[in-house]
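Colleague: Dock chain B against the given chain A, drawing on the hints supplied.
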Amino acid sequence: MKRSFFGFIKPKLTYEPITDTQAEPVYIQAPQKIRFLLDTPVDRSGDLKLSVGDQVKNGQRIQVTADAKDYALASKVGKITDISPFIGMMQAKMTAVTVAVDAEANKAVDDEFKEQSQTPSLEVAQRFLHALPGKPDFSPFFDSDKQIKAIVVLGVDRDLLSITNQFFVKTGIESIKTGIDILRKITGIHNVVLAVPESLVQVAGASEAGVKTVDSEYPAAHPQLIVRHVLADEIKAGDADGNADVAFFSAEAVSAMGAAFNTGQLPMNKLITLISKNGNKRLVCATIGTPLRDILNRFNETVQDGDRVIFGGPMTGVSVYTLDHPVQPDTDTIMIQDRTQIPERLDVACINCGECVRICPVNIPVNVLVRLLEAEHYEEAEANAELGACIECGLCEFVCESRIPIFQHIKLAKHSLEVMKAEESNA
Amino acid sequence: MPEPIKLTVSHASFWHNGSRISLKNYNILLVTLLAVIPGLLRYGIPALSVVTLSIASAMIWELIMNFLTRRPVSIGDGNAALMGMLFAMMLPAITPWWVILVGTFFTIVIGKQIYGGIGGNPFQPAVLAMAVLMLSWGGYFDFNEALVSYQFDFNPVYPLVLAKSFGTGAVEGFNSVDLLLGRQVGGIGTSCVLGLIIGGAYLMLRGYIRWEISISFIVGMFVTAFCFHQANPEVYASGSFHLLTGYSLFGAFYLATEDSSSPVNFIPMLIYGVLGGFLTVLIRNIGTHIDGVIFAILVINIINPLIDKIRPRTLRKGVNYA
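Those protein sequences? They're chains A and B, same order as listed.
Its first residue numbered 1, the first sequence is counted upward by one per residue in the working numbering.
Its first residue numbered 428, the second sequence is counted upward by one per residue in the working numbering.
Looking at chain A on its own, in the form it has when it is part of the complex (with noise of 0.2 Å):
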């Protein structure tokens, strides 16, 4: 992954096709705690619904307050006996769930979803799927601003490295099309793409969705160029102003969905690709919840003082604190960094080498914006270095000769902004 000898010859990532002889997922036996981070403080207001020494129940949906948006879905039975408060990306104030597992009363199944998926609809998605495998997200057809017009099955892999998704294109196409199938009952849209690499075309078809396929170079699958690039002339055909919306989901998403329909169970196992210090790859199954440490126990991967573990892909994941970090329903992927493989980043000016700049897939002048990110110039960041249309893919900072943390700095000034807003509109 090093820059070529030629400089002309510009660093091409390639998104990791799935090869024929790639073993089957490895499961991971069913842990003794459970942990579920919500993002919903904790300390919010006062009337929690939750209290240490609950008993959850299987597919039970945990929330911490009664009004709060996001939940997750308990994934063993068991009692819960902690609740505490975690802090996030960005010193986001989440809380933190912690149910220790009853491997006795494993049947135990909260029957709320087998009553109301007998009537498939987005309310019943809504409520009870975001939590899936794959982490499907509804909201969109909720919003009143926007007008989706087709939905977008991403049969490709958000990172590098990571085979998830593709595994399920692979090796189960038939629960895709169920899912598809349900996702155009319950939503009324009609175009389904399925988009997948070149090497998975031929099985794609059999989803009887219109297929499309991904460039393989590095970052072709992300959901905004997909848009851009693969279904630009579709989407300006079906609508005159362009201003058309489309909605993402995983392949894993709309398996699991399907599967949900069809059986009233949540399924609660989520695929991962796990990638070991000296790069093997492997897929593992585990429970959503899972902490990192039975996984890494399971295949005896020792991690000292100094390594990093990565939940998401080299280009654009988050590296976690804590090897209790628990598998989370869009953990995808799993890295581990051994301290010695860690590259440097410096705090050394830009000296206006240009390469982030050629490198950009939107064309955003990196070389001005990050000159105003490290002064802290964010909104004159946002009105005249294009802030805003950053797609965060991470090559900037992958090029950077003087090891500035560009990605870091871009993510700071969105977030500020944010928070700038957020304070405005309060005011």
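Don't read these hints as lab results, they were simulated from the structure.
All C-beta atoms, glycine included, are put in the ideal place defined by N, C-alpha and C.
Any given hint could turn out to be false.
Result set (DMTMM-like, lysine to aspartate or glutamate): computed pairs, CA atoms no more than 25 Å apart in a straight line [stated by the list, open to error]:
1. B:K736 with A:E374
2. A:K177 with A:E24
3. B:K433 with A:E344
4. B:K433 with A:D82
5. A:K135 with A:D245
6. B:K433 with A:D338
7. A:K33 with B:E430
8. A:K277 with A:D305
9. B:K433 with A:D305
10. B:K433 with A:D347
Partial list, computed: chain B residues near chain A (C-beta under 7 Å) [to be verified]:
11. K433
12. V436
13. S440
14. F441
15. S446
16. I545
17. S687
18. V691
19. R738
20. P739
Modeller: This is chain B only, laid out in the frame that chain A set:
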């Protein structure tokens, strides 16, 4: 309970392509030797002392400024050494020590550090220093005067002076092969044109300098000189003569391509380069100065921020996505 493992936590992206500033500077420094070593062989120990003093003093100025401005020591990135080297390459082999010290002072302190160090300089630092010195103590940069004590087995007059004063007829004695092999009077590291070309080609292939700038500089220069030559072949020398003499190719490969003072977008790079070449020939042919490279590059450095605003349209969301 065992001590929890302290993981490294940082923001994406978690990979890097391995490039770094020092790697680039050391590579450039290394290939300058292709042009410098023939110069050292020709001019001997005095040239060696000019080069070493220039590099050493540039690094010392940088170090002094690091301490004065209380910033991290930055001589490790190789930029100060490179600037010292580039400055020395333009000098005649016999140059008084104090001229070199003043020159590297202007290069590092005035040209670079007062703007905040690497990446902040609006001008290529060595070019700025050279311009200041040429205007202040021009006599030391008259190659005919400076190198008068040397015996050469070729025409010992600076070719550009001949061309400027006596027209094309006076430079007919120079053939391209001789010029290419450095059989001409000039700066320590600027007369062996072949070494400059090999070095420049290497740097362009490796991507350490932007080929767009170098190539367009050369094209701009050649085309302008060609037009002059066609208009009046007796007064104005040919395009290839202009390219192979003075600081031409040195400027195209090493001076105009300095990162901070040159544009990064494709079309601006072409404009920048062509304009540099055009101005060089203009100054040589109808200006008062003998070699126009230094002043041409200063001028294109000035317009760099303006022309670099010409850039491809940012792709905003053409269609909204949910």
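Colleague: Compare the structure with each hint and give your call.
Modeller: How the hints compare with the structure:
1. Restraint check for B:K736 and A:E374: satisfied, since their Cα atoms lie roughly 20 Å apart, inside the 25 Å limit.
2. With a C-alpha separation of about 21 Å, the suggested pairing of A:K177 with A:E24 holds against the 25 Å cut-off.
3. For the hint linking B:K433 to A:E344, the alpha-carbon distance of about 18 Å falls within 25 Å, and the restraint holds.
4. With a CA separation close to 23 Å, the supplied pair B:K433 and A:D82 stays within the 25 Å bound.
5. Taken as a hint, the A:K135 and A:D245 pair is honoured in the structure, with Cα atoms around 19 Å apart against an allowance of 25 Å.
6. This hinted pair checks out: B:K433 and A:D338 have alpha carbons roughly 13 Å apart, not beyond 25 Å.
7. Between A:K33 and B:E430 the CA atoms are separated by roughly 20 Å; this keeps the pair inside 25 Å, and the hint holds.
8. Our distance criterion of 25 Å between C-alpha atoms is met by A:K277 and A:D305, whose separation comes to about 14 Å.
9. For a cut-off of 25 Å, the pair hint linking B:K433 to A:D305 stands: about 5 Å separates their Cα positions.
10. A C-alpha spacing of about 23 Å is found between B:K433 and A:D347, which places the hinted pair at or below 25 Å, so the restraint holds.
11. Using the Cβ-Cβ criterion of 7 Å, the hint placing B:K433 at the interface with chain A is satisfied: the shortest such distance is roughly 5 Å.
12. Satisfaction of the interface hint for B:V436 is found here, the shortest Cβ-Cβ separation to chain A being roughly 5 Å, below the 7 Å cut-off.
13. With its C-beta approaching chain A no nearer than about 4 Å, B:S440 sits inside the 7 Å limit, and its interface hint holds.
14. Interface restraint check for B:F441: the shortest CB-CB distance to chain A comes to about 5 Å, inside 7 Å, so the restraint holds.
15. The beta carbon of B:S446 is positioned within 7 Å of a beta carbon in chain A (closest approach about 5 Å), and the interface hint is therefore held.
16. Evaluation of the B:I545 hint against chain A yields a held restraint, the C-beta minimum of about 6 Å falling below 7 Å.
17. At a threshold of 7 Å, the smallest CB-CB gap from B:S687 to chain A is about 5 Å, leaving the interface hint in force.
18. Because the beta carbon of B:V691 sits about 3 Å from the nearest beta carbon in chain A, less than 7 Å, this interface hint is met.
19. Satisfaction of the interface hint for B:R738 is found here, the shortest Cβ-Cβ separation to chain A being roughly 6 Å, below the 7 Å cut-off.
20. For the restraint placing B:P739 at the interface with chain A, the shortest Cβ-Cβ distance is roughly 4 Å, inside the 7 Å limit, so the hint holds.
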